[in-house]
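All chains should be modelled from the sequences, with the hints used to inform the complete structure.
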Amino acid sequence: MLAFVLTLVLLLGIVIVLAYAERKVAAFMQDRLGPTEAGPYGSLQSVLDVLKLLQKEDIVPAAADKKLFKLAPILIFAAVFAGFAVIPFAPALVPAGIGIGVFYLLAIISLDVVGLLMAGWGSNNKYAMLGAMRSVAQIVSYEIPAGLAILSAVMVCQSLDFQEISYQQGALINQFPGLEYDMNWLFGIRELGINTTTIGGILTWNIFRAPMLLVSFVLYFIASLAESNRAPFDIPEAESELVAGFHVEYSGFRFAVLFLAEYSMMVLVSLVAVVLFLGSWNTPLPNIGPVSLAYWTSGTVGELSGILWGAFWLLSKTFVLLFLQLQIRWTYPRLRVDQLMHLCWKVLTPVALGVVLLAGIWRLLMV
Amino acid sequence: MQCHKLRFAKLAAGKFEMEKAIKHKSGFRESVQSLLSGLRLTWRHFRNARSRRTPEYVSDKNYFSQPDGLVTLKYPYEALPVPDNGRYRLHNEIDDCIVCDLCAKVCPVNCITIESVKATEEIGATSDGTKKRLFAPVFDIDMAKCCYCGLCTTVCPTDCLTMTPVYDFAEVNIKNMIYHFTDLTPEEAEEKKQLLARQQEEMAAAKAAALAARKQA
Ligand code: SF4
Ligand code: SF4
Chain Z
911 MLAFVLTLVL LLGIVIVLAY AERKVAAFMQ DRLGPTEAGP YGSLQSVLDV LKLLQKEDIV
971 PAAADKKLFK LAPILIFAAV FAGFAVIPFA PALVPAGIGI GVFYLLAIIS LDVVGLLMAG
1031 WGSNNKYAML GAMRSVAQIV SYEIPAGLAI LSAVMVCQSL DFQEISYQQG ALINQFPGLE
1091 YDMNWLFGIR ELGINTTTIG GILTWNIFRA PMLLVSFVLY FIASLAESNR APFDIPEAES
1151 ELVAGFHVEY SGFRFAVLFL AEYSMMVLVS LVAVVLFLGS WNTPLPNIGP VSLAYWTSGT
1211 VGELSGILWG AFWLLSKTFV LLFLQLQIRW TYPRLRVDQL MHLCWKVLTP VALGVVLLAG
1271 IWRLLMV
Chain R
791 MQCHKLRFAK LAAGKFEMEK AIKHKSGFRE SVQSLLSGLR LTWRHFRNAR SRRTPEYVSD
851 KNYFSQPDGL VTLKYPYEAL PVPDNGRYRL HNEIDDCIVC DLCAKVCPVN CITIESVKAT
911 EEIGATSDGT KKRLFAPVFD IDMAKCCYCG LCTTVCPTDC LTMTPVYDFA EVNIKNMIYH
971 FTDLTPEEAE EKKQLLARQQ EEMAAAKAAA LAARKQA
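The listed protein sequences derive, respectively, from chains Z and R.
FYI, my numbering numbers position 366 of the first sequence as 1276, with every residue one higher than the one before it.
FYI, my numbering numbers position 153 of the second sequence as 943, with every residue one higher than the one before it.
No lab work stands behind these hints: they were computed from the structure.
Possibly wrong hints are sitting among the right ones.
Here are a few chain Z residues that face chain R, going by a calculated C-beta distance under 8 Å [claimed, not checked]:
id	residue
1	935
2	939
3	941
4	942
5	943
6	946
7	1163
8	1165
9	1237
10	1241
11	1242
List time: in silico EDC-like cross-link candidates among lysine to aspartate or glutamate, alpha-carbon distance up to 16 Å [stated by the list, open to error]:
id	chain 1	residue 1	chain 2	residue 2
12	R	864	Z	947
13	R	965	R	981
14	R	864	Z	941
15	R	922	R	912
16	R	908	R	981
17	R	922	R	961
Far from chain Z, some chain R residues (derived; all Cβ distances over 10 Å) [as the list claims (entries may be wrong)]:
id	residue
18	854
19	952
20	961
The beta carbon of each residue, even a glycine, is placed where N, CA and C say it ideally should be.
Have a look at this one:
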């Protein structure tokens, strides 16, 4: 219960910061000022937006399928929020440390699609319907390259436990029960003879342990943009053609929940990318001889210092990825439906299959 | 003919060039390059967001060229200065107005309403020395109708009707767009009217008396 509340509060905080950052980043990239009125530099803008949304009337269209319409936002948010349960925020700090976390995450996020379809169908609105259909087509398609990219990381790590994957990518590897005698080699190749177990830092991140995971990371990042309906893959809510897509009929609190779910999805996919590919909560600084930067910036596992350092690194890496998502949104135009499917089925999926194959071979080199 | 051929050849070459360019741009490397150049562009703008445009006068050489940085201003707090010869809200310095009615006559949209009352005695002079002989119980300009042509300011003989640099004067109630410039209260105006009427009566009486005296003689 405590974990639930803490995660929710943390998530709300991040989403509010993100909504503000989105506006400011967009404004700066377009040579505008962005919000300036509410609070210093407009920093209270998104808080006020939320308060405003909560005061608004909750309109349910007369012709809507009321049950579906009312339930959909809750289901969508619940599906995304449930994904946070398995994300390790620091060494020895994970809301629900289950052994098949990766599998659970992929499964529970897919529930999101059901919610989207409910919202689109229940609204009894052609734009909402079109948006929901596009959204489902897109998410179902992009789950394949995303899943394959995750699979390659899982194959390299030989684990479905996010926390174990996290430990493997740093100097603290031997502190995880079951990994006491594991070792990290540079690029994962034992033959090179460079032992990075105690060096840690960026050299033991998954993208360094198995360099083709860099390709996986790019694939996953692109696919995750599509999964969270972000530009340039935002055709489900293309403002210029579908008004707002599946949530066009929503207002007030329900809209706020949908909005929250959307931003939570962005945060979640970035977190997963960081955990699987970019060293999770591990510090990027390696130990260099007597200068044990990695140990200094990791704290002690299970103590407050470890939690603070872990959360700090995890969140800063996540924010870098989130910034990239924002920048991509304000840089690239929206893809057409056929281009979207072309990219997914003819580019990302074959490449992802290739990477999975390579990851298997690499794993053989690692042992 | 020669020229025609040349043009055709040029066109064909251009088309060929274009086709090559399009084909050239469709490879994997080129796609990635163009994606990256897009990111670089937005990143550059993001980095340059530290500097921003300053409210400068139109004669400044930076007025039209926009160097790096944010282009928008926080409007109500900052604004670009308007040019001196800009035509915005009118102002009438009623002390200098001789109520000649020229402005009302020239106005193409008839948005100036003037009522005049002759003065019964000397009422002073304007700042440029013209004698004032008329009161203006009503001097209204309807800024909602005004097209800001500036004709009234040109004809005004005492230069009391001028354009100010104020352009942001929207009102919630359209009646407030009618600006009253008279300096007389309704009571004063009434008093002046009565004074004039009495004077005219007296004059008429005097005239009648004079006429009667002439007849008698
Ligand atoms: S500016 Fe033109 S339209 Fe406006 S009051 Fe003067 S003459 Fe009339
Ligand atoms: S033209 Fe000038 S002096 Fe004459 S009535 Fe108009 S404002 Fe007054």
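Hint check:
1. 935: 7 Å, holds
2. 939: It holds, given that the least Cβ distance between residue 939/Z and chain R is near 4 Å, below 8 Å.
3. 941: 5 Å, holds
4. 942: With Cβ-Cβ at 5 Å, under 8 Å, it holds.
5. 943: 5 Å, holds
6. 946: At 6 Å from the nearest chain R Cβ, residue 946/Z passes the 8 Å test, so the hint holds.
7. 1163: Because about 32 Å separates residue 1163/Z from the closest Cβ in chain R, which is outside the 8 Å limit, the hint is violated.
8. 1165: 28 Å, violated
9. 1237: Holds. Min distance 6 Å.
10. 1241: For residue 1241/Z, the interface hint holds, since the closest Cβ of chain R sits about 5 Å away, which is under 8 Å.
11. 1242: With Cβ-Cβ at 6 Å, under 8 Å, it holds.
12. 864/R - 947/Z: Status holds; Cα separation ~9 Å.
13. 965/R - 981/R: Violated - the C-alpha atoms of residue 981/R and residue 965/R are around 27 Å apart, more than 16 Å.
14. 864/R - 941/Z: 13 Å, holds
15. 922/R - 912/R: 8 Å, holds
16. 908/R - 981/R: 12 Å, holds
17. 922/R - 961/R: Distance of about 34 Å is beyond 16 Å: violated.
18. 854: 15 Å, holds
19. 952: 34 Å, holds
20. 961: Fine: 23 Å to the nearest Cβ keeps residue 961/R off the interface.
In summary, the numbered hints that this structure violates are 7, 8, 13 and 17.
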